Amino acid sequence: DQQVKQNSPSLSVQEGRISILNCDYTNSMFDYFLWYKKYPAEGPTFLISISSIKDKNEDGRFTVFLNKSAKHLSLHIVPSQPGDSAVYFCAATLNSRNNDMRFGAGTRLTVKP
Amino acid sequence: DAGITQSPRHKVTETGTPVTLRCHQTENHRYMYWYRQDPGHGLRLIHYSYGVKDTDKGEVSDGYSVSRSKTEDFLLTLESATSSQTSVYFCAISESRQNNSPLHFGNGTRLTVT
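If you're matching them up, the sequences are chains P and A in order.
Using the working numbering, you'd call the opening residue of the first sequence number 1 and step up by one each time.
Using the working numbering, you'd call the opening residue of the second sequence number 1 and step up by one each time.
Treat the hints with care, as some may be off.
Below, a list of computed lysine to aspartate or glutamate pairs in the EDC-like style, where the Cα atoms sit at most 20 Å apart [what the hints assert, rightly or not]: (1) K5(P) <-> D56(A); (2) K57(A) <-> D100(P); (3) K71(P) <-> E14(A); (4) K70(A) <-> D56(A); (5) K11(A) <-> D100(P).
Short, incomplete list of chain A residues facing chain P, as computed with Cβ under 7 Å [unchecked claim]: (6) P18; (7) L43; (8) Y48; (9) G51; (10) T55; (11) S61; (12) G63; (13) Y64; (14) R97; (15) F105; (16) G106; (17) N107; (18) G108; (19) T112.
Hints were generated in silico from the structure; no laboratory data involved.
In this text the structure is predicted, and so the values were computed from the model without any measurement.
Ideal placement from N, C-alpha and C gives every residue a C-beta, glycine not left out.
Work out the full structure, taking the sequences as your base and the hints as a guide.
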């Protein structure tokens, strides 16, 4: 039962353009959402997060948008850079607790020079 | 980078053999986690620990056990490995259980059960 879904396994964009990674969830009780980034042969690293009481959070080139009514989360990267090429995991938690975190399957982003 | 070391980095073992994976941290964080990553599933929590000798089950704990005798070490044991346990295993740590304390992951152990 996949409660967090990333329906696009891969995404390719040109350097300098916007990358939009999408994530859908089924459990309306999720109250905190995160994005992690993973390079090959490394562990995931935390990128950005958003609480369910907000609809937008921005950190430099990265912005996360939350649409609770649609149970949809998106990560925008502007402008995209070749170093952004990685797998991005969306995650959601219950009770704001790390041990109740559910991850999506990941989207592989390729940014072409 | 958070000081997390996983060993071994790669292991091939036969079905039915016991396997232990080790996670060592130098951050003195209270919370430690074991995840597995499989294609199409993302990361799934196997077990976690909230202190020395304090552990609890995660989403996919069947077939796995853990131990934490010291703050810095968290061991994951497969008592009798099966082919379905072929996966990449990640250890993670956090200062608290709350989300404002993000997870820091190790670089993973790739386990193949033949």
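Results for each hint:
| no. | hint | result |
| --- | --- | --- |
| 1 | K5(P) <-> D56(A) | violated, 26 Å |
| 2 | K57(A) <-> D100(P) | holds, 11 Å |
| 3 | K71(P) <-> E14(A) | violated, 43 Å |
| 4 | K70(A) <-> D56(A) | holds, 16 Å |
| 5 | K11(A) <-> D100(P) | violated, 29 Å |
| 6 | P18 | violated, 25 Å |
| 7 | L43 | holds, 4 Å |
| 8 | Y48 | holds, 5 Å |
| 9 | G51 | violated, 13 Å |
| 10 | T55 | violated, 11 Å |
| 11 | S61 | violated, 12 Å |
| 12 | G63 | violated, 19 Å |
| 13 | Y64 | violated, 15 Å |
| 14 | R97 | holds, 5 Å |
| 15 | F105 | holds, 3 Å |
| 16 | G106 | holds, 5 Å |
| 17 | N107 | holds, 5 Å |
| 18 | G108 | holds, 6 Å |
| 19 | T112 | violated, 16 Å |
Figure legend: structure checked against the earlier numbered hints; hints not met, in rising order: 1, 3, 5, 6, 9, 10, 11, 12, 13, 19.
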